[in-house]
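**Q** What follows is the residue order along each chain.
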Amino acid sequence: SQQGEEDPQALSIQEGENATMNCSYKTSINNLQWYRQNSGRGLVHLILIRSNEREKHSGRLRVTLDTSKKSSSLLITASRAADTASYFCATDTGFQKLVFGTGTRLLVSP
Amino acid sequence: GAVVSQHPSWVICKSGTSVKIECRSLDFQATTMFWYRQFPKQSLMLMATSNEGSKATYEQGVEKDKFLINHASLTLSTLTVTSAHPEDSSFYICSARAQVLSYEQYFGPGTRLTVT
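Read top to bottom, the protein sequences are chains A and B. Residue numbers 159 to 268, in our numbering, belong to the letters of the first sequence in order. Residue numbers 5 to 120, in our numbering, belong to the letters of the second sequence in order.
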C-alpha cells in the first residue's frame, strides 16, 4: 500500500528557479526520507528527517516536516538541469520497511 | 561505501520461463534486504522483506510461490520470478539495510524485466 501522496505530480521550471515538492502521509512515522530517481535507474538517498525534527538542510536541499499535519516538503534551491528526475518521499513507520509516495517528476529546463 | 549491485541490469525472457535476479551488498553486510517493483512512471511498491537465514515476509497481494526470495548470506539475496508472464514485466529494485536499527537503506540500480 502507498503511504504518501506527493504533489505536484509533475513540475516544470527553469534553471535557477526553486522547486518545491510536497508529501502527505497517513500514519505515525519514525522518520521521513527523500529520494531521487533518474529515469530507469535506482534510487539515490537525499535526506532523512526524524519525527522530532522540523527542518533539515543539505546543500541546496531543505526539508520540512510537520507531524501534526502529516506532511513534508522538499525545496531545491537554484535548480539545475541535472536536478531533472523523479523525487519520492518515503516513510519509515518503524516496522523495518519504507513506504513510498507517488512521486513528483521534476523537469528543469536550461 | 554502501554499494548495492543488481544483476542482471536487464533481462528479456519468454513466457513460462523463470528468471533469477541477484542483489548484492558489495562493501557491507546486509541484515535485511528489500525487494520492490516499479511500473513505468509509478512509485515503488514493496514486495517483500528478507532477513538473512530466514523466510521472506511478503506484502499483501504478492504471490510468494511466484516470487521466490532467498537471502542465503549477509551479502546476497535473490529474487526468482517463476513461470513469468508479460504482466510480470517491470523494474525490480532491491535495497539493503546494514543494521537492524539503522534507518538507511541502500538501493541497487534496478533490473528491467521484459517477458515476451
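Derived from the structure by calculation, the hints contain no laboratory data. A quick note: this is a predicted structure, and the numbers were derived from the prediction, not measured. Just so you know, not all the hints are guaranteed correct.
Here are some of the chain B residues that sit facing chain A, going by a computed Cβ distance under 7 Å [said to hold, decoys possible]:
#1 Phe43
#2 Leu50
#3 Thr53
#4 Gly57
#5 Ile97
#6 Gly114
#7 Thr118
#8 Val119
By construction, the Cβ of each residue, glycine as well, lies at the ideal position given by its N, Cα and C atoms.
**Q** Output the numbers, in ascending order, of every earlier hint that fails for this structure.
**A** The structure conflicts with hints 1, 4, 7, 8, although it agrees with all the remaining ones.
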